[in-house]
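Letter by letter, the chains look like this.
There are 2 protein chains.
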Amino acid sequence: MSATLAALVNGHPASAITIHDRGFLYGDGVFRTLRVSECEPLWWTDQIEKLEADAARLAIPVPTRSAWERDIADALARSPSECVLRLVLTRGEGQRGYRVPARPSPTRVVTVGPLPEALDQVTRHGARLRVCALRLAQQPSLAGVKHLNRIENVLARMEWNDPQTHEGLLLDASDRVISGVSSNLFIVRRGEVITPGLSRCGVAGVARDRLMRCAQDLKIPVRVADIDLADVTSAEEVMLTNSLIKVWRVERLGGRSWSRAVLSDQLRERLDD
Amino acid sequence: MSATLAALVNGHPASAITIHDRGFLYGDGVFRTLRVSECEPLWWTDQIEKLEADAARLAIPVPTRSAWERDIADALARSPSECVLRLVLTRGEGQRGYRVPARPSPTRVVTVGPLPEALDQVTRHGARLRVCALRLAQQPSLAGVKHLNRIENVLARMEWNDPQTHEGLLLDASDRVISGVSSNLFIVRRGEVITPGLSRCGVAGVARDRLMRCAQDLKIPVRVADIDLADVTSAEEVMLTNSLIKVWRVERLGGRSWSRAVLSDQLRERLDD
Chain A
1 MSATLAALVN GHPASAITIH DRGFLYGDGV FRTLRVSECE PLWWTDQIEK
51 LEADAARLAI PVPTRSAWER DIADALARSP SECVLRLVLT RGEGQRGYRV
101 PARPSPTRVV TVGPLPEALD QVTRHGARLR VCALRLAQQP SLAGVKHLNR
151 IENVLARMEW NDPQTHEGLL LDASDRVISG VSSNLFIVRR GEVITPGLSR
201 CGVAGVARDR LMRCAQDLKI PVRVADIDLA DVTSAEEVML TNSLIKVWRV
251 ERLGGRSWSR AVLSDQLRER LDD
Chain B
1 MSATLAALVN GHPASAITIH DRGFLYGDGV FRTLRVSECE PLWWTDQIEK
51 LEADAARLAI PVPTRSAWER DIADALARSP SECVLRLVLT RGEGQRGYRV
101 PARPSPTRVV TVGPLPEALD QVTRHGARLR VCALRLAQQP SLAGVKHLNR
151 IENVLARMEW NDPQTHEGLL LDASDRVISG VSSNLFIVRR GEVITPGLSR
201 CGVAGVARDR LMRCAQDLKI PVRVADIDLA DVTSAEEVML TNSLIKVWRV
251 ERLGGRSWSR AVLSDQLRER LDD
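Here the protein sequences line up with chains A and B, keeping their order.
Start counting the first sequence at 1; every next residue gets the next number (the working numbering).
Start counting the second sequence at 1; every next residue gets the next number (the working numbering).
Among the hints, erroneous ones may be present.
Listed below are the simulated DMTMM-like cross-link pairs for lysine to aspartate or glutamate, each with C-alpha atoms no more than 25 Å apart in a straight line [stated by the list, open to error]:
| hint | chain 1 | residue 1 | chain 2 | residue 2 |
| --- | --- | --- | --- | --- |
| 1 | A | K146 | B | E236 |
| 2 | B | K146 | A | E49 |
| 3 | A | K246 | A | E159 |
| 4 | B | K219 | B | D272 |
| 5 | B | K146 | A | E159 |
Keep in mind the hints are simulated off the structure, nothing from the lab.
Keep in mind the model is a prediction, meaning the values are calculated, not measured.
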C-alpha cells in the first residue's frame, strides 16, 4: 500500500518497529518532513536543529548528526533526486506505562517517499482554503513542537474530501487563527507580513522561520501577532508555508478570492534561492 | 527489555508493526488496558464497548468482537492466570499525510504483560498523590477518549521519580481537577461521591463508570461536577480508579493525609464482587 522508496530503522534497512516502541504506544516522539531537491535535503541545518530542539522539549536524547547523515545518504542513494524525506525520533522501547525509561534508547526512523504530484500546479494557481470546524487545544508545554500526537490534524483533515480544496485553516478554542492543517500561515496587511504566534498551540515549521528571515532580508516588515478570521479574509495576500510546498499563495477562502500576490511572489523567489 | 508474555498483531503472533501504521505515524488509534484475573479479562463487556465507542469518535472501523475474543483467548492461553492485557486499535497503514485512507484496514494489537507488583500493597495502605505542574489542554473533540496521543501523560509522569509517590493529580488550564495521570478521581464530600466531568479533557475509564454504578447500587449519592484542588484537600475521602488498581483510597496529598475510608472500602468491596 505504501509507496515508500527507502526506509531505515536505527540505521538498518527495515520497515517495521517493535510494538513496544513508545512512538507506537503513546506517540512519544517527534518528526520532520523534508523536501529533497537534486539529491539534497532542503534546509538541512534548520531541519536538524528543529528536530533536536523539539526532542529537547520532550527530554528525548538525540542521536549524533552523523548518524542521521549516514542514514539519509544511505536512503537517498536508492531514491530519485526529487523526493520527500521523513525523519522520526521516538523515546524508544519501553515497558507498559507512561513512566519513561531511566536510560532511554531512542529509535530513529528515516523513510523516503515520492514528492506529491500537485505541488507545482497549486504553486502556480494558488491554494483554495477552507475553515475547519475542529478547534486546536491550547497546550503551551507542547506548542510549536512537531510531535507524534497528531490526532487533531487527522480529525481536521477528515473534514473535507474535495480535491479542489488544498488546505484547511485551523483556529484555536479562542477563535484565533493558528495555521493550516499541514502548513503555517502568513497574511499581508498594509504591506506588513504577519504570522500567528504559536506559544499556545500549532507547529512552528522550518519554512515559517525561513520565510520570516527572507522578509527581513527584503526589508519587508514582518511580525508575529494574534489574528482572527476577519484578519485573514480582509488581508491583501495570504500565504501558506511548509517544507514541501515552500510557499503557496492562497487563491480562495469561502467567498473571498485573491489574485494579486506581489509579496508572496517576492518571498517565494527569495526562498527558492 | 519488555516483559511481554504474549503478543498478536491482527491475530498472528508478532511483536512488530509496519512503520507506515498510522498508530506510529500520528498516534491515530485507541487502546485499553485490562486486568486479567483467574484467566478472565475483567469487565470485558464494558471494556470492548468503550473501545468501540472510542474508535467511533475517531471514525476508525472496529473489528468484530469475535476477532478480539479469538486473539485474547490465544494470548491468554500462553499467560499466567493473573496478568495485564492491552488492546490497541489503529487506523492501520497509510500513506504519508494526515488524510485518512478511503478504506482503512485497521490494525489490532493484543499484548499480555505481568501485573505490576505493588498494586495490593498500595490498595492496603493507600496511595500517595502529588499535584502535577502540567495542565491538561481542553479538547472537547477528544475528551474522554483513550486514544494513543498521550504525550501529556508522559510529560506529567516525568515530574516525579520517588517510588513513594504513587500517582500525580492533573488539573486543566482553568485549574479544575480532572484526574490522575493513569487513573480517574473521586472525592467524598458530606457523604456524597463526586467525580470530575470529562467533557473538555481527560479519559473516561471503565472503572470510573463501574464505580459510579456501584455507588448507585449502594444508594450512595454520586454525581459528576467540576472540582478544584481545595475540594480535593478538604474532602472526607479521595479515591483513584482504573482497570488495574480498581480503587485506591488516597492516603496523602501534600500536607493533607486521610486515614478513614468508609465509603472507599464499601465501594471497593462492591466493585470486587
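Structure-based check of each hint:
1. A:K146 <-> B:E236: violated, 43 Å
2. B:K146 <-> A:E49: Violated, at about 33 Å.
3. A:K246 <-> A:E159: Roughly 24 Å separates the two Cα atoms, so the pair holds.
4. B:K219 <-> B:D272: holds, 17 Å
5. B:K146 <-> A:E159: Given pair B:K146, A:E159 holds - Cα atoms ~22 Å apart, limit 25 Å.
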